[in-house]
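Trainee: Given next are the chains, with one letter for each unit.
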Amino acid sequence: MGGRRVFVTGLGLVSPHGEDPAEVFERICLGESAIRLVRSGVPELGTDVLLASIDFEPGDRISKADLIFMARAAQMAVVATRNALEDSGLLADGRGPEEAGVYMGCGLGGAEILQRSYSTYFERRSRRVRPTTVPLIMASGPASQVCMRFGIRGPAHTYSIACASSSVAIGEAFRSIRDGYSDVVIAGGAEAMLNDGSVAAWQAVGVIAKEHTDGAGASCRPFDLERTGLVLGEGAATLILESEERAAARGAELLAEIVGFGASSDAHKLTEPSVDGQELAMRKALEDAGVSADAVGYINAHATGTPAGDPVEIEAIKRVFGAAAQRVAVSSTKSMHGHLVGASGALECAITTLALHQSRIPPTAHLTVSDPACDLDCVATVGRDAPDLETALSNSFAFGGSNATLVLRRA
Amino acid sequence: MTPYMFLAQVLSEKYDVDPDTISPEATLTELGLDSLTIVELLFDVEDEFGIEIPEERATFQTLAEAAALVDELVQAKGG
Chain A
33 MGGRRVFVTG LGLVSPHGED PAEVFERICL GESAIRLVRS GVPELGTDVL
83 LASIDFEPGD RISKADLIFM ARAAQMAVVA TRNALEDSGL LADGRGPEEA
133 GVYMGCGLGG AEILQRSYST YFERRSRRVR PTTVPLIMAS GPASQVCMRF
183 GIRGPAHTYS IACASSSVAI GEAFRSIRDG YSDVVIAGGA EAMLNDGSVA
233 AWQAVGVIAK EHTDGAGASC RPFDLERTGL VLGEGAATLI LESEERAAAR
283 GAELLAEIVG FGASSDAHKL TEPSVDGQEL AMRKALEDAG VSADAVGYIN
333 AHATGTPAGD PVEIEAIKRV FGAAAQRVAV SSTKSMHGHL VGASGALECA
383 ITTLALHQSR IPPTAHLTVS DPACDLDCVA TVGRDAPDLE TALSNSFAFG
433 GSNATLVLRR A
Chain B
5 MTPYMFLAQV LSEKYDVDPD TISPEATLTE LGLDSLTIVE LLFDVEDEFG
55 IEIPEERATF QTLAEAAALV DELVQAKGG
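Protein sequences appear in the order of chains A and B.
Counting in the working numbering, the first sequence runs without a single skipped number right up to 443 at its last residue.
Counting in the working numbering, the second sequence runs without a single skipped number right up to 83 at its last residue.
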């Protein structure tokens, strides 16, 4: 589709592997897992939980007075955005580009604040819930806080589409620049719902991994015969997207180009994925980009490590790619950073950007015995150099049957 | 910790108020707190001292008056 070209000119992370994009990418390429056993907040309820949690400290990057009005997800979004604005050279006196748009994905908003308010009501039997509860719970908190902290005055949109939230945010941000509505957009996602109530709810779905005999870190095993489920993570990732003209005018470093976006709905089941829906998202994205499947060298898969989900994505890839499916590298970096839900698409898009920028494909960690139903090149255990890598996809497929695929190209 | 000491500490540590400006005569508004923030502070005080500040009693102006109210409510609870 015609229109202006859109480039990634900055990355900012608050991820289970840390904040420095180069260091995060290096560790991921080496197959290092950030998943660990974390003690539950209510000891008599059990047991340690497998999580990719972050020892997050905003430090002096957010003032104490501002922290009072920010849930954890919003704090992470602000720090990731600060990192991205610095990386792109767009942070001046603590402010970002005033005309920018902000497109953020977030699944649940201030999950820990909601938990605290319910605990006040039901455990303390008190109606005296803190007055900051409502403005902190909002899923749009991260986007609003990014605007306030950095003086951003363009549109602030939040996409809450479960696991596809931030891929859609980036896709729509890409379109707003391509179609001439914006010149620069702060796009990404944030999620922080590792509070006990939310984790218990996820466990109830029956999709959470069990600890693997090789250790807690090896428990999320997409495409592996011994996979038992996903591991929840948390964090935020921000990408600075700019039109070709704006980036060129200021001599910005181009990390990758976003060339296409496709979205679809399964119209099928709430939690059961569909080959048809995923196939449609990838086909639409490739068509949007004007790229043939043959040209794609890498797919950062959605694959969360559930027994039911991973083969569905593999089948969808086979349908879209035909014979070329045997040549494309497919990896799930969730094997190391876990599933960040509303922030997952943004973190994985950032990793895909770095893969193109560094000509290096990250692996699926802990993939030791491939499931015959996942018989593509799933880049087992360690990453590899890919000097010819030109084009890559990043897939995000959500509960509810919302699918999103981004197409990126080496800049 | 006395109510005044707690107020002074939480104002500087959580609400980022310059400790030099905190005095018994200072009002919360003078210290830069807006209405939503003042209510949040009252919740911190309630949690710390295990009391409930009735809405009609929250008419204090200065920190000294606020501390005196908390003292009174703590003693009423203890008695």
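No wet-lab data here; the hints were simulated from the structure.
Wrong hints could be hidden among the right ones.
[Stated by the list, open to error] Below, a list of computed lysine to aspartate or glutamate pairs in the DMTMM-like style, where the Cα atoms sit at most 20 Å apart:
1. A:301 to A:311
2. B:18 to A:311
3. A:96 to B:17
Trainee: None of the hints should be skipped; say for each whether it holds.
Mentor: To see whether the hints hold, each was checked on the structure:
1. Taken as a hint, the residue 301 of chain A and residue 311 of chain A pair is honoured in the structure, with Cα atoms around 16 Å apart against an allowance of 20 Å.
2. Restraint check: the Cα-Cα separation between residue 18 of chain B and residue 311 of chain A comes to about 50 Å, which exceeds 20 Å; the hinted pair is violated.
3. For the hint linking residue 96 of chain A to residue 17 of chain B, the alpha-carbon distance of about 8 Å falls within 20 Å, and the restraint holds.
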